[in-house]
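Peer 1: Chains as they are written, first to last, in numbering that gives the first Met the number 0: chain G, 0 to 90; chain L, 0 to 274; chain P, 0 to 382.
Just so you know, the hints here were simulated from the structure itself, not pulled from any lab data. Hints should not be assumed to be uniformly reliable.
Some, not all, of what chain G presents toward chain L, calculated at C-beta under 10 Å [claimed, not checked]: (1) N20; (2) C24; (3) K25; (4) A26; (5) G28; (6) I31; (7) Y33; (8) L63; (9) R64; (10) C65; (11) D67; (12) A69; (13) R71.
Computed footprint of chain P on chain L; a stretch qualifies when at least three of its residues, placed anywhere within it, have a C-beta under 8 Å from a C-beta of chain P [as the list claims (entries may be wrong)]: (14) 35–47; (15) 52–66; (16) 81–88; (17) 261–269.
Ideal Cβ placement from N, Cα and C applies to all residues, glycine included.
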Amino acid sequence: MVPQKDNMKVYQNEETKIIVNEEWCKACGICINYCPKKVLVANEKGYPVAEKIDDCIQCMLCELRCPDFAIRVENRKKVANYNMKDGSLED
Amino acid sequence: MKNVIEQYIRKEMFPHIWCPGCGNGIVLGALIRAIHSLGWEKDEIAMVSGIGCSSRITGYVDFNTMNTTHGRALPFATGIKMSNPNLKVIAVMGDGDCAAIGGNHFIHAARRNIDITAIIINNMIYGMTGGQYSPMTPTGKFGSTAPYGNIDQNFDISALAASAGASYVARSSIYNVNQGIRFIKKALNKKGFSVVEILSDCPISYGRMNKLRTPVKMMEWIKSISVPKKTWEKLSVEEKKDKIPMGEFLDICIPEYTEKYKEICAIAQQGGENE
Amino acid sequence: MMSDEKQIVKILQGNEACVEGALLAGIRFFAGYPITPASEIAEGMARRLPKIDGKFMQMEDEIASMAAVIGASLAGLKAMTASSGPGICLKQENIGFAAIGEIPCVIVNAQRGGPSTGLPTKPSQGDVMQARWGTHGDHPMIALAPSDVNEILQITVKAVNFSEKYRTPVMLLLDEVIAHMREKVNIPSREQLEIIDRKRTNVKKEEFLPFKADEDMVPPMADFGSGYRYHVTGLVHNEKGYPTSDAEEIDKFLRRLSNKVELNKKDIVIKEEYSLDDAKIAIVAYGSVARAAQRTVKLAREKGIKVGLLKLITLWPFDDDLINQLANQVDLIVVPEMNLGQMFREVQRAAQGKSRIISYSRIDGDLINPIEILEKIEEEMSQ
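Next up, chain G with everything else stripped away, as it sits in the complex (with noise of 0.2 Å):
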């Protein structure tokens, strides 16, 4: 099944762009639960809403640890891919 349209939520602002594929999303609490800034809430179907993405540095640890690959993070200032072994920025 391809997301539809609508089940894509998108929160960012300049820096951040946090998208939320509800049709994939078992609302498992893991991302909101470890989320070290606190940024994200649960809404009352249980899916992360990006309530404070203001906070949000980009560690990256609710895509990483998201079993179902329904939240992802992207950095808005430059195109690029966070290697998780070096810290370098790929393209």
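Position chains L and P relative to chain G; hints supplied.
Peer 2: Here is chains L and P on its own, set in the frame of chain G:
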């Protein structure tokens, strides 16, 4: 912005069948990120699994994949690797699949030191069949076939791999996901039999029967029982019983099976038969 | 004739002839485990395969051998294993996997007395039904039974060919006695044989459906690593290879799977007839017993009894029409076997009462000799 994950999955199969909070998805993500960082071609990767929830993983990745019979991922993988040593072969198994029915194959794949990477997703239970205890269920914990508590000793599959002849053995968890990605990358890159055990969760079976009913509770428990290797070594015998060491336990260079077999072919073609 | 120059003649053991046939047919991967009376096949493969960059493995058990053979086949090599009764039992789960995954492979069973440890060094034909139905569920199976060492070489080639042509596991049943005896064998060159390779696809990668059959009911394959990525599972699957729970898809797939062999019977059934044209009594036999039966025909004819022999080389699929026609023609059919009547049952069923069908069983580990069969015929004639 490239979505790394999407390049490697069979998107039409998503959302996947695994339960909310199931570590299988976390391991799948770690595996994909490790493969991506190595720059491998999808065509050159063969991934083989046995039977179980973790073994469903092969249906979700866009490689040459096999979902084989219970416990037998490693010998199928061995046939693939011997037939075409240029393929990068990965075997993904659960704890029951690998350590119970597949135990013997695990020992001998390690003994051959054949260039296969074994990823063991250890959720300490038989998840798919409803929560029976497995060889990795800690003593005293509960399963549907251990309603009064497990009296079996659980064994250390990583120690078994090391003593059987593997060349790389490591353990991480779904909580320590960055570490897991590093270990998997190293294991994939290693020539020889490499094992990465990932401590994982099953909130609906193990969790339900052992008072860890939510994904977060299970994740907390995994976090609490995992200790780095060096810390573990300093614990007392009693303290060690409730903890599981994380880290790299073995990383050596020894001859790999398909390479040794090439030498055999050379000997045979020079007429060197044992009369 | 050009071919005379290339004809090599050797005294070979049956198991050795099997190795020769397999290598000629293109087998380049063997995985096995030691077991009497098949170990010589593994030993032969261990010596020969490295000389031609083929792959030999002694695996930790029979189950692993079967798994390795299947993996190797998917990665592009023609692959074979060899065992006997107890080992064949162990392989059954994975044989089923090869059947549903439509993976070409050959399983040699050098039959010994059973059940269980049984009679390891004595011949038997006790695995006929196991060959057909050893693995669970409705599945196709091809099983061939040669009768002498020369035939072992030729029929091994046929076994490999069928496995490739029909994308299915094929059992090669050797009675222990012919697996171990030595006879003169004419070893052909590769050019003198028909060698069949699996159909390999050439469609665009995005269009490849690994389990979409052609008109012959066989889907074209692709080797792992050749650029076509797909999923192989033991679960009932659709044309893409993914598990399905759709009733219509399941029915269509499982029927095609079995029909792939059943409806291609005319191509797969190999048999020989001896003096059947005017026969009033027929022997239906296979394997080592067919050799004795050939002599019985000669002895009977000398006595003026019109006996003929239908020698089955293909045991499965079973050709009902063949037996039905025979039953129309003759008054008595004797089925001598080294088991308690496993093929007799099939013959009786297919004859549909048109002839008397008699079973002659010997299960004491000794061979059936031509005179015994003749005596049985004479005994039945007098009734």
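Peer 1: Compare the structure with each hint and give your call.
Peer 2: Right, here's what the structure says about each hint:
Contact between N20 of chain G and chain L, as hinted, is supported at the beta carbon level, the nearest pair being about 9 Å apart and thus within 10 Å. For C24 of chain G, the suggested interface contact is upheld, since its CB lies about 8 Å from the closest CB of chain L, less than 10 Å. Taken as an interface hint, K25 of chain G checks out: its beta carbon lies about 4 Å from the nearest beta carbon of chain L, inside 10 Å. The interface hint given for A26 of chain G is met, as the beta carbon of that residue sits about 6 Å from the closest beta carbon of chain L, less than 10 Å.
Evaluation of the G28 of chain G hint against chain L yields a held restraint, the C-beta minimum of about 5 Å falling below 10 Å. For the restraint placing I31 of chain G at the interface with chain L, the shortest Cβ-Cβ distance is roughly 8 Å, inside the 10 Å limit, so the hint holds. Against a cut-off of 10 Å between C-beta atoms, the interface hint on Y33 of chain G holds, since the closest Cβ of chain L lies about 7 Å away. Annotation: interface hint on L63 of chain G holds; nearest CB of chain L at approximately 5 Å, less than 10 Å.
With its C-beta approaching chain L no nearer than about 6 Å, R64 of chain G sits inside the 10 Å limit, and its interface hint holds. Given the 10 Å rule on beta carbons, the hint for C65 of chain G holds: about 7 Å separates it from the nearest Cβ of chain L. For D67 of chain G, the suggested interface contact is upheld, since its CB lies about 5 Å from the closest CB of chain L, less than 10 Å. For A69 of chain G, the interface hint holds, the least distance from its beta-carbon to any beta-carbon of chain L being 8 Å, beneath 10 Å.
At about 7 Å, the closest approach between the beta carbon of R71 of chain G and any beta carbon in chain L falls short of 10 Å, and the interface hint on this residue holds. Judged by the Cβ-Cβ criterion of 8 Å, the stretch 35–47 of chain L is covered by chain P as claimed, because 5 of its residues qualify and three suffice. Taking a C-beta to C-beta cut-off of 8 Å, the stretch 52–66 of chain L contributes 8 residues in contact with chain P, enough for the three needed, and the coverage statement holds. Three residues within the 8 Å Cβ limit are the bar, and the stretch 81–88 of chain L against chain P gives 5, so the coverage statement holds.
Using a Cβ-Cβ cut-off of 8 Å, 5 residues of the stretch 261–269 of chain L lie near chain P, which meets the minimum of three, so the contact claim holds.
Hint compliance for this structure: no hint is broken.
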